[in-house]
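Heads up: the sequence lines are chains D and H, in that order.
Numbered by my numbering, the letters in the first sequence go through residues 1 to 103 in order.
Numbered by my numbering, the letters in the second sequence go through residues 1001 to 1155 in order.
Calculated from the structure, these hints are not laboratory results.
Backbone N, C-alpha and C fix where the C-beta goes; we use that ideal spot for every residue, glycine too.
Incorrect hints may have been included.
For lysine to any residue, the following SDA-like pairs were computed, each having C-alpha atoms within a straight-line distance of at most 25 Å [said to hold, decoys possible]:
(1) Lys-21(D) - Ser-68(D)
(2) Lys-1039(H) - Ala-1026(H)
(3) Lys-1044(H) - Ser-47(D)
(4) Lys-1033(H) - Met-51(D)
(5) Lys-26(D) - Leu-1031(H)
(6) Lys-1039(H) - Ser-57(D)
Here are the in silico distance ranges between beta carbons for each label pair [stated by the list, open to error]:
(7) Ser-68(D) - Pro-1032(H): 21 to 29 Å
(8) Gly-54(D) - Gln-1132(H): 46 to 54 Å
(9) Thr-69(D) - Arg-1147(H): 22 to 30 Å
(10) Lys-1033(H) - Gly-22(D): 29 to 37 Å
(11) Pro-1032(H) - Lys-26(D): 20 to 28 Å
(12) Pro-56(D) - Lys-1044(H): 30 to 38 Å
(13) Ile-1107(H) - Thr-69(D): 39 to 47 Å
(14) Arg-1089(H) - Glu-4(D): 47 to 55 Å
(15) Glu-1050(H) - Leu-45(D): 13 to 21 Å
(16) Asn-1035(H) - Ala-14(D): 28 to 36 Å
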Amino acid sequence: MILEGRVARFRLSAEGEVALKGFFEKPTVSAFVECVDELGAWIHLPSKKRMRVGQPSILLLLKWNYFSTAVLDYEPERPVTREPIGFKIHGIRREPAKQKPRG
Amino acid sequence: MATPHFDVFISGATSSVGDWQKAMSARKAELPKLNQEQKEVARKMGISEEEFARGVLVTQYGENRQRERGQSLGRQIEEILSGLGEPYRLEALIREGVKLRWVARIITPHEAKNIAIGQELADDIIDSCTVQDLDLLRVLILESLNRKDLIGSLQ
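Build the full structure now, drawing on both the sequences and the hints.
Now the structure itself:
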């Protein structure tokens, strides 16, 4: 799933704003997605306090219907350069097609 | 530690919660500059540029961590290749995150070969590097290079 292991910026849906009232100040939330399942996305609850690496974190379930859209940084897979498989054309040389004059 | 002689390319990188925690407590001066597109998205989403930049930093930390892991895996592959007695050379390691594997591009005396190493084995090599893990990697590489004759003789 594309969301897992990435920071996503979610825009809460109207239903999500009501259900998660008190958790977030704004209807948009940046959060790290730990994993996703059939219920929704499990996100690490952002904290205003300074975080220490390795400190326990609280996961919050953001149900699928609790957000209307999400934005994330995504770099597509780089195409792997493939070597030619070895077919060669011998003795065939195509001349470029001549264009007929118009009119 | 010696500089590796191979390139590491990261594709489809993911981050860890450690990367996220590190980025959340990073100083403002460490935050990456956003490009116009990112600034525009931040504005449309109603997110501050600082908050958006911290998310970008998480991705960068994740990529760097994967690159370091690739260098560690590559050094083990170079070690195996050094015992072959012919000019076999690891040219590049590519992490294909979506396919959950690393691809090692090895230059042999005759051609270039791409060898896929599953992420599970790669993680075991990088994190634990037990004798058993190294044996599995050695067998995978020697078989892929058509050098089964050397299995058992190289240690």
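Going through the hints against the structure:
1. Lys-21(D) - Ser-68(D): holds (16 Å)
2. Lys-1039(H) - Ala-1026(H): Within the cut-off at roughly 20 Å; holds.
3. Lys-1044(H) - Ser-47(D): holds (23 Å)
4. Lys-1033(H) - Met-51(D): holds (22 Å)
5. Lys-26(D) - Leu-1031(H): holds (22 Å)
6. Lys-1039(H) - Ser-57(D): Distance of about 29 Å is beyond 25 Å: violated.
7. Ser-68(D) - Pro-1032(H): 21 to 29 Å: holds (27 Å)
8. Gly-54(D) - Gln-1132(H): 46 to 54 Å: Given about 29 Å between the Cβ atoms, the range is violated.
9. Thr-69(D) - Arg-1147(H): 22 to 30 Å: violated (52 Å)
10. Lys-1033(H) - Gly-22(D): 29 to 37 Å: holds (34 Å)
11. Pro-1032(H) - Lys-26(D): 20 to 28 Å: Roughly 22 Å apart at Cβ, these two residues keep to the hinted range, so it holds.
12. Pro-56(D) - Lys-1044(H): 30 to 38 Å: At 34 Å between Cβs, range holds.
13. Ile-1107(H) - Thr-69(D): 39 to 47 Å: About 46 Å separates the Cβ atoms of Ile-1107(H) and Thr-69(D), which means 39 to 47 Å holds.
14. Arg-1089(H) - Glu-4(D): 47 to 55 Å: violated (35 Å)
15. Glu-1050(H) - Leu-45(D): 13 to 21 Å: holds (19 Å)
16. Asn-1035(H) - Ala-14(D): 28 to 36 Å: Once the Cβ atoms are compared, 32 Å apart, the range 28 to 36 Å for Ala-14(D) and Asn-1035(H) holds.
Checked against the numbered hints listed earlier, the structure breaks hints 6, 8, 9, 14; every other hint is satisfied.
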